[in-house]
Amino acid sequence: MSLYQLHRCVWDSVRASAVSSSNAGSHFDAGKYDLTDEERRAFEERDIATLYQLGLHPVLLNGFARASGFSRDGYREMLAVLATGEERTGRWQR
Amino acid sequence: MAEITLAYASSHAPMMAAARESATEEQRKNFFGALEWLRDEARQRGVQAAVVLSNEHFTNFFLENFPQICIGVGERNWGPTEAWLPIDKAWIPGHPALADHIARSTLHSGFDPAFSHLLELDHGVMTVYHELDPEMQLPLVPIVQNCAVEPMMPLRRAYEFGQAVGEAIRSFDGLDRVALVGAGGLSHWIGHPRVGDIEESFDRWFLEQLEEGNLEQLLDMPDSEIELAGNGAHEIRSWVAVAGAVAPVTGRTLAYEAIYPWITGMGVSHFETA
Numbered sequence: 001m002s003l004y005q006l007h008r009c010v011w012d013s014v015r016a017s018a019v020s021s022s023n024a025g026s027h028f029d030a031g032k033y034d035l036t037d038e039e040r041r042a043f044e045e046r047d048i049a050t051l052y053q054l055g056l057h058p059v060l061l062n063g064f065a066r067a068s069g070f071s072r073d074g075y076r077e078m079l080a081v082l083a084t085g086e087e088r089t090g091r092w093q094r
Numbered sequence: 095m096a097e098i099t100l101a102y103a104s105s106h107a108p109m110m111a112a113a114r115e116s117a118t119e120e121q122r123k124n125f126f127g128a129l130e131w132l133r134d135e136a137r138q139r140g141v142q143a144a145v146v147l148s149n150e151h152f153t154n155f156f157l158e159n160f161p162q163i164c165i166g167v168g169e170r171n172w173g174p175t176e177a178w179l180p181i182d183k184a185w186i187p188g189h190p191a192l193a194d195h196i197a198r199s200t201l202h203s204g205f206d207p208a209f210s211h212l213l214e215l216d217h218g219v220m221t222v223y224h225e226l227d228p229e230m231q232l233p234l235v236p237i238v239q240n241c242a243v244e245p246m247m248p249l250r251r252a253y254e255f256g257q258a259v260g261e262a263i264r265s266f267d268g269l270d271r272v273a274l275v276g277a278g279g280l281s282h283w284i285g286h287p288r289v290g291d292i293e294e295s296f297d298r299w300f301l302e303q304l305e306e307g308n309l310e311q312l313l314d315m316p317d318s319e320i321e322l323a324g325n326g327a328h329e330i331r332s333w334v335a336v337a338g339a340v341a342p343v344t345g346r347t348l349a350y351e352a353i354y355p356w357i358t359g360m361g362v363s364h365f366e367t368a
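Protein chains in written order, with our numbering: chain W, 1 to 94; chain R, 95 to 368.
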């Protein structure tokens, strides 16, 4: 099992939804992917916050969230609890 | 030998095509006005082909194999891939001879670009290319860069790759006038708790560095610092490559707008090479 399998599963589902116009995950068989129980649950329940915490690539997370019917504002709200304060500054801020 | 007759970099965002009207009238006037001016310049200067650098969004490559750079060397490429992007789906003519020359020349310059005889072009290339040529007839050499999946090419290396691309174009004897375009950035977040934010101070600082030709500080920035301006800010690699290609010519900011409905700092910089 690896995070790669989750990435492949999510991306394949997003691609499939683009073709079938069905919502990502809803008619997609994730059985062939070697996922952990937590990954499978998060995928099937479209648990965006958990997928983010698991380390799903943000480009894929965005695609999956949008294909699942969530607006950007909607998924931002789901992720808000995971926002961490940033103490570092960039050189443009000094 | 070919000359880089026109060189510029522009932000891209799918919403610039899909939700154009969500920006204010003034923002649209400034941003699209700059691109319109560049389109007119391309016509007046007789541009014969465009090389467009942009980033890969898992459109052509996935984690099995993810090149840092891939040059589209085919007779034609397909785009846009996004069904919802309101740009006509079309075969976009390539320029195999120029693309092949860039691939060979950059190999001799110490780079190892991948190549593809058929690329799918997403909003990254298509939004900016479509603004350059709404008829989508101008031969296009797409160069996709990894600006999203770690580990990524350091900024300095992207600049040096741009230098190599510039040398390649200028040593090509099959055309006279080529446009070089970078498409991506500026600050934005995607798939992240900060999606929708724009780091305007970074964008303005970045544009200022291009104007001053003061790239040393910029090129030393590690990815962890770029990330403070958003995970989408890694796309400045396309801008930096253009800056490298035309150095010592510096950028002139034609437009900058922080367009929140498009979740992106939208800038346009022109490098006067003529």
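Heads up, some of the hints might be wrong.
What the hints assert, rightly or not - Okay, the calculated beta carbon distance ranges per label pair:
1. W/D29 x R/A341: 48 to 54 Å
2. R/A208 x W/T84: 31 to 37 Å
3. W/E44 x R/E261: 47 to 53 Å
4. R/G140 x W/D29: 53 to 59 Å
5. R/P228 x W/R41: 43 to 49 Å
Hints in this document: simulated from the structure, not taken from any laboratory.
Ideal Cβ positions, reconstructed from N, Cα and C, are used throughout, including at glycine.
The hints, checked one at a time:
1. With their beta carbons about 52 Å apart, W/D29 and R/A341 fall inside the hinted range of 48 to 54 Å.
2. Between R/A208 and W/T84, the C-beta spacing of about 36 Å keeps the proposed range 31 to 37 Å intact.
3. The hinted range of 47 to 53 Å is satisfied by W/E44 and R/E261, whose Cβ atoms lie roughly 52 Å apart.
4. Taken as a hint, the range 53 to 59 Å holds for the pair R/G140 and W/D29, whose Cβ atoms sit roughly 54 Å apart.
5. Checked against the hint of 43 to 49 Å, the pair R/P228 and W/R41 passes, with Cβ atoms roughly 47 Å apart.
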